[in-house]
Amino acid sequence: MAVARLTDSERDDLLSRHPEWSLVRDGDAIERTFEFADFNEAFGFMTRVALLADKADHHPEWSNVYNRVEITLTTHDAGGLSQRDADMAAAIGAL
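Here the sequence shown is numbered in our numbering, starting from 1 and rising by one per residue.
Among the hints, a few may not be true.
[To be verified] Restricting the straight-line Cα-Cα distance to at most 25 Å, the calculated cross-link-like pairs of lysine to aspartate or glutamate (DMTMM-like) are: (1) Lys55 x Glu41; (2) Lys55 x Asp28; (3) Lys55 x Asp26; (4) Lys55 x Glu10; (5) Lys55 x Glu20; (6) Lys55 x Glu31; (7) Lys55 x Glu70; (8) Lys55 x Asp87.
The hints are simulated quantities; they were obtained by calculation from the structure and are not laboratory data. Computed from a prediction, not measured in an experiment: that's the story for all the values here.
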């Protein structure tokens, strides 16, 4: 099943609802950096995000250095941002 790419208006709405996320890759993805007290907290956060991602079958691109986690969301099947990214950004924000 094809995944619909967000329109410019939908993308703008996503960013207004989640201002902590930044548009990257010429508007095809969003990213956010999270900082924690230490590696243990960062890894715990990554574990919670991994459980959400597995349940949604929508996995982020991410990296971790000590207490910092960088997450990028995009939908490869849509060739850019989709509702799946909006939902994942909201779920991650709720953590």
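Right, here's what the structure says about each hint:
1. Lys55 x Glu41: holds (22 Å)
2. Lys55 x Asp28: It holds: about 23 Å lies between the C-alpha atoms, which stays within 25 Å.
3. Lys55 x Asp26: Violated, at roughly 28 Å.
4. Lys55 x Glu10: holds (24 Å)
5. Lys55 x Glu20: Holds, at about 23 Å.
6. Lys55 x Glu31: holds (20 Å)
7. Lys55 x Glu70: holds (20 Å)
8. Lys55 x Asp87: Answer holds: Lys55 to Asp87 is near 12 Å, not above 25 Å.
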